[in-house]
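Enquirer: Build the full structure now, drawing on both the sequences and the hints.
Protein chains: 2
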Amino acid sequence: MPIGEEKNGTCDRSIYVNNPHLESMKEDILYHFNLGTSTHDLPAMFGDVKFVCVGGSPWRMKSFTEYIAKELGLSEPNADYPNICAGTDRYAMYKVGPVLFVSHGMGIPSIAIMLHELIKLLYHARCTDVTVVRIGTSGGIGLKPGTVVVTKQSVDSVFQPRFEQIILGKLVVRSTELDGELAEELLQCGKDLAEFETVIGNTMCTLDFYEGQARLDGAFCSYSEEDKQNYLAEAYAAGVRNIEMESSVFAAMCKLSNLRALLDRLKGDQLTSSHDVLNNYQQRPQVLVGHYIKKKLNASKKN
Amino acid sequence: MPIGEEKNGTCDRSIYVNNPHLESMKEDILYHFNLGTSTHDLPAMFGDVKFVCVGGSPWRMKSFTEYIAKELGLSEPNADYPNICAGTDRYAMYKVGPVLFVSHGMGIPSIAIMLHELIKLLYHARCTDVTVVRIGTSGGIGLKPGTVVVTKQSVDSVFQPRFEQIILGKLVVRSTELDGELAEELLQCGKDLAEFETVIGNTMCTLDFYEGQARLDGAFCSYSEEDKQNYLAEAYAAGVRNIEMESSVFAAMCKLSNLRALLDRLKGDQLTSSHDVLNNYQQRPQVLVGHYIKKKLNASKKN
Chain A
180 MPIGEEKNGT
190 CDRSIYVNNP
200 HLESMKEDIL
210 YHFNLGTSTH
220 DLPAMFGDVK
230 FVCVGGSPWR
240 MKSFTEYIAK
250 ELGLSEPNAD
260 YPNICAGTDR
270 YAMYKVGPVL
280 FVSHGMGIPS
290 IAIMLHELIK
300 LLYHARCTDV
310 TVVRIGTSGG
320 IGLKPGTVVV
330 TKQSVDSVFQ
340 PRFEQIILGK
350 LVVRSTELDG
360 ELAEELLQCG
370 KDLAEFETVI
380 GNTMCTLDFY
390 EGQARLDGAF
400 CSYSEEDKQN
410 YLAEAYAAGV
420 RNIEMESSVF
430 AAMCKLSNLR
440 ALLDRLKGDQ
450 LTSSHDVLNN
460 YQQRPQVLVG
470 HYIKKKLNAS
480 KKN
Chain B
180 MPIGEEKNGT
190 CDRSIYVNNP
200 HLESMKEDIL
210 YHFNLGTSTH
220 DLPAMFGDVK
230 FVCVGGSPWR
240 MKSFTEYIAK
250 ELGLSEPNAD
260 YPNICAGTDR
270 YAMYKVGPVL
280 FVSHGMGIPS
290 IAIMLHELIK
300 LLYHARCTDV
310 TVVRIGTSGG
320 IGLKPGTVVV
330 TKQSVDSVFQ
340 PRFEQIILGK
350 LVVRSTELDG
360 ELAEELLQCG
370 KDLAEFETVI
380 GNTMCTLDFY
390 EGQARLDGAF
400 CSYSEEDKQN
410 YLAEAYAAGV
420 RNIEMESSVF
430 AAMCKLSNLR
440 ALLDRLKGDQ
450 LTSSHDVLNN
460 YQQRPQVLVG
470 HYIKKKLNAS
480 KKN
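Taken in sequence, the protein lines are chains A and B.
In the numbering used here, each residue's number is its place in the first sequence (first place is 1) plus 179.
In the numbering used here, each residue's number is its place in the second sequence (first place is 1) plus 179.
None of these hints come from the bench; they were simulated from the model.
Be aware that a few hints might be false.
Copies of one chain are not kept apart here, so a pair can be met inside one copy or by any two copies together.
Said to hold, decoys possible - Computed list of lysine-lysine pairs in BS3-like fashion (alpha-carbon distance at most 30 angstroms, straight line):
1) 480 to 274
2) 274 to 349
3) 434 to 481
4) 434 to 407
5) 205 to 323
6) 474 to 349
7) 241 to 480
8) 241 to 229
9) 229 to 407
10) 481 to 323
11) 349 to 323
12) 407 to 205
13) 475 to 407
14) 473 to 229
15) 349 to 434
16) 205 to 229
17) 323 to 474
18) 241 to 274
Expert: Here it is in structure tokens:
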């Protein structure tokens with residue numbers, strides 16, 4: 180059910196929803212955003228969106244908003260960016276020009292609720308050619324701390340590129356393939372900048388932070404240091420360079436809805452690095468994505 | 180690895196962690212709480228905790244804190260309850276006397292991270308006889324809106340009382356059995372209060388809010404209204420009375436760590452009820468749990 184729009188004689192890449200029931204609904208309430216089709220003019224509010232940046236923490240999304248506003252020359256002195264989802268504490272949302280920022284909390288279920296409502300929001304707002312970028316920190320495997328990892332494929336705990344969704348009690352397997360061209364473009368941005376190491380690799384997505392990622396410091400642990408190292412070595416051999424908790428459903432849902440999806444994670448070593456070092460690390464994916472967005476917007480202005 | 184404490188000649192119910200690696204760690208950083216064993220005196224801060232109330236939203240946890248403070252006669256005029264996890268935006272934490280309140284976000288992975296760190300916090304603080312109660316709203320099946328459901332068993336999408344945990348890429352199945360005696364006690368509190376309907380039933384826990392709970396209004400939907408009704412009827416026949424997204428791992432982890440666990444959810448119909456009605460509904464689990472905590476604390480004073 181895409182809204183195919185003709186512009187300059189070419190058909191834009193439209194946002195797909197795949198739900199015949201939406202047509203017959205009098206209104207669509209995006210409950211966890213505290214937005215809706217009869218209470219808000221979604222095309223007016225969001226129709227110009229071309230990039231959506233998502234990340235776990237609301238605080239980090241706000242500071243990323245301020246950074247991008249400055250980078251794009253859209254910041255005003257003492258500007259405060261209001262939270263568009265102010266009426267709820269589930270997610271936070273900010274907007275600067277054509278760039279939307281949304282927090283998604285931690286884990287697959289939390290980001291999936293946000294993505295369902297984001298996809299419907301972009302659809303109702305009749306957005307086209309939207310690129311969604313997820314940024315954040317992650318545990319790295321075999322990389323120097325501070326390396327930025329651009330995800331080639333999101334894989335599960337046995338290193339397969341798939342996302343398992345349960346629908347009406349039945350298992351449905353979805354592909355987690357990402358846009359390879361985008362990943363190469365982002366890698367190229369990393370080379371242009373030459374400020375820090377950027378690599379392409381597979382990202383393992385888990386449902387659990389402690390036992391699911393072979394950590395030894397959870398409330399429960401039934402394996403040895405050696406078991407952990409063996410598992411991480413297997414992951415490395417399968418091309419995994421970092422581990423996090425949202426990439427699989429992000430890749431699967433963006434693919435289903437015709438959104439260009441990009442994952443750009445930082446390998447941080449939170450326990451041994453100083454606060455200054457960590458702060459510098461956390462800027463890196465932002466710098467890279469900021470450079471990428473600027474480049475794309477400048478290119479589209481020239482066309 | 181329980182800390183067995185002798186008090187008044189009887190051995191208290193201690194908090195178990197089950198991780199031999201913790202013993203050899205110089206410090207334990209509870210990263211997502213922004214607390215740690217070398218930066219905070221956890222026994223002094225939390226040693227008296229007997230009840231932990233958890234729920235998804237930080238705002239609702241704060242208002243529940245204020246309500247319980249008043250109920251227990253511990254509130255002071257114009258008292259503001261500081262967020263103990265103020266240095267992070269992952270979770271919010273408040274404390275009033277022996278009652279701790281923690282938010283956990285949405286979904287199994289998000290509450291699991293919180294529970295790993297909560298269990299270690301209670302362990303490091305040498306707490307004993309702790310009851311953990313999860314409150315919140317949920318979708319109901321075959322119940323009047325506003326009914327409070329006390330969970331007998333947490334079941335998965337095919338109605339089995341189990342939680343599947345992946346450890347080093349391998350499936351481990353954990354029991355989600357809850358404390359039946361506690362559920363009966365809470366049901367009794369509902370009868371004492373006689374203010375609203377309280378029932379005991381099974382709670383279905385899903386990884387997804389839209390397709391996972393047979394909703395027709397997500398970005399994707401591949402089934403009909405009839406398929407949905409059939410699935411919910413099957414769930415009802417299996418004893419399911421409400422659906423939410425955190426109960427299975429809550430039940431499994433509390434069981435593994437010797438915590439008394441209680442789930443108390445409200446069946447709300449968020450789209451058709453007015454705000455006043457909804458606000459009244461959302462108070463109900465709080466009123467019930469407040470009554471229960473008061474009763475237990477009074478009983479322990481008499482002994």
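Enquirer: Checking against the hints above, which ones are violated?
Expert: 2, 6, 9, 10, 13
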